[in-house]
Structures are given as C-alpha cells and as structure tokens.
Amino acid sequence: ADVTGLVAAAPGIGLPAGGSAALTAVPETLLLHLQQVKTRWNAQQQAQLEALGIIILQATAVFADPHTVTITPESGDPHTRKPDAIIVASGSVPVFPPTMRPNGRQIIAPRFASALGRLPASIAVIGGGATGTEFAYLFNRLGVAVTWIVDQFGVLPQFDRQAADLLAALLVRRGVRLVQGQMATRVDTAADGVTIVLADGACHSAEMAFLALGRRPDLERLNLAAAGLALVDGLLPVDAYGRSVKPHVYVVGDATGGPMIANRAMAQARTAGLHAADVPAPVCPLETVIHAIYSDPQVAQVGTLTGPGVRVASVPYAAGLKAHLAPEAEGFVKLAADAAGRLVGGTAVGTHAADLLAPVAVAIHTGMAAADFAALYAAHPTVSELAFAAARALD
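Residue numbers (our numbering): -10 to 384.
Be aware that a few hints might be false.
Derived DEER-like restraints, expressed as beta-carbon distance ranges [stated by the list, open to error]: (1) E39 - H237: 24 to 34 angstroms; (2) A48 - R300: 19 to 29 angstroms; (3) Q151 - Q25: 30 to 40 angstroms; (4) R94 - G296: 45 to 55 angstroms; (5) R90 - Q24: 24 to 34 angstroms.
Derived by calculation from the structure, the hints in this document are not laboratory data.
Built from N, CA and C at the ideal position, the CB exists for glycine as well.
The whole structure should be built from the sequences, with the hints applied where relevant.
And the structure:
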C-alpha cells in the first residue's frame, strides 16, 4: 500500500507512474516541485516569525563598531542600529580552488542544481562528504552515469567506517563508479565534456562535473575588525552559549564551523537567543545533535562510539520485520554505552535511519542507562524497534 501511494504521487513531482523512473524523469517538473516546496516552506517560516512581532529586512549588515551594525537594504539608504545583542548567523560558502571552479554549464555546484534544465548522460561528482554523497546518490537514481571521485580520506570521513563503507558499496552495486584514494587537482573543459585530473595523473571524463569540495564559514564580509573580533583558524571562538569574546555578540550555525547541518544551527540559535534575552537557557547539547545523510539508504549518527570503556553492539535491519516489507533490507543499527552503562552514541544505515536515532538522542541527553532503554519496545512492525533491539544486544 505504501509503494502504491508513492507510485500514484510520482507524476506530480516529475516521475512516471510506471516503468523506469530513472529513464524518464522530467527535470523541469522535479525542479518546479522543489521550488514550490521551498516557496511554501519559506512563506510558512516567515509568517511564524512575523506573528511573533519579528521585523524581517532583506538587507546586508556589517559591523560599524562593537555595538553598531550598518544595514543596507535591497532598496533604500543604509542606516545604523545599536542592538543590545547581535547574533551572527551568516552561514557558509563553498570552497573552490583556482583549478576547479563552477561555470554553471559543464562544471556545476549545489547552487546550480536548482537551475539544471536537463540531465547529463554522465557526471563526475567530486567530493566524498555529505553533499558529494547525496548528489552521487541523486544523479544515480535519476539515471545519470556517475563517476564519484573521493580523496584519500574516503567516503563520509566523519562517520563510522562500517556505515560509510556499506553505503558506498550499495551505491557501487547500483552502478556508481567509485574512484577513491586520490584528490582531484583540476577540471579541464572541452566542447564535448570535462576531464578530471587526479593527484597521481589519472584522468576521468564525463559530460559534466559536480563540485562538492567542502564549505567554510561566511564571515569575511562582516567587517569583524570594527567589532574587535578576530578569526582563529577561520572561526570565531565561542562559548557554550554561542558568545564570542564580545559577550553581546553571539555566533551560531555554519558560521561556527562543522558539522554544518541545520539541526545543529537550530539548537545553537535557540540557546543563543534565550541567553541574549536573559532567559535561563540550558547549554546547547551538541553531542545529541543527529547528523544525517539523506541518501537511500540513509546514514545517521549521534554522540560517539569510541572512548575508554565504551561497549558497542549492533543489529542488522533484517532483525526487524519492517525491513522485510521494504524493497531493500540492508542496513544496521549500532549503539554504544560507556563504562557506567549509559548510552553515549549510535549510528544507523537504512530506511529512516535519522528518525530511528531520535529516541537514542533523547536517551543520551538524559543520561539514560542502556538497560533502561533496552526495556522499551516500539510499535511492531516499525523501524524504531531496531534502536531498542540494539540496546538489548549490549546486555
């Protein structure tokens, strides 16, 4: 029934109701659907902010001095404001070396994906982090021949090796050509496509190249010196509440470095906002922020799986009935407990892996014992059962 529902909804997002979706996907309809979702979501968020009395300005802002910002609206004259507190949430920008820069045609990056009018026959995805992984998966699912070029740090270097290796193996099985171990040094263009040159001199060709080489905090345009702020290793040092060396200036989100994920930014923003408003605020529990890769299967992790006295146990997705009702049952859930028996981390690969780890994050935050977590049973059959089954495997 679930699959039937997905098939019935497919034409509305640019996929056929039957046959091979990979061969007949309509980029224009897919992009229109994504744009409509983005527009609705942005409108909803803006309405919620305005309902709280928040004034939204489409403008740029820079420091004039430690307590003053100069605001330049899209239309109108610049003006200054002296707020009681300033929260910097300037996000991040992609990193492109001189020999690998997007041109919007043969060489693209995430910001060009929303304007991609057609699917190339082949594409080389350069980068093994979250963005590279998700786009290698996406292009493969849409029927594009994918060459995935990953440097010596491997696929998803911030994730559990078993989890990252399983996802990579599944993508290779689906036809992704994984080239791993050498850094790409440049991308050459020609009339018929691109050639990616690796550090060892090897070359790989495709119709297009997609660059996912990492990101850095977007702080250079803020005139930080006027505020008495200085970067340390490209970052503004902050305390647990997000305060910089100027106690009234807070920094949150991608501007604080990695992992650059939305839920981490939300958690930091809540802590900083409450603290700036002089409302008692708990310290942002970054160790309980789930980091997820939105491929199929998903990969997700929370907390840590390593440390003195840490015990780890895992169960396969096939240990739950729900996995057998899905097209693919591959995957696993792994939990870790410290020497005192408290849950300290988890990772998962499989359908709804990010959702599955939500109760694990709560357990870590509350200092819950693995034995107490193991006593709980989720609804059957659901993917959620696997988290508790993994805890029972720790016994």
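These are the hints, each one checked on the structure:
no. : hint                           : result
1   : E39 - H237: 24 to 34 angstroms : 25 angstroms, holds
2   : A48 - R300: 19 to 29 angstroms : 52 angstroms, violated
3   : Q151 - Q25: 30 to 40 angstroms : 38 angstroms, holds
4   : R94 - G296: 45 to 55 angstroms : 48 angstroms, holds
5   : R90 - Q24: 24 to 34 angstroms  : 26 angstroms, holds
Taken one by one, the earlier hints fail for this structure only at number 2.
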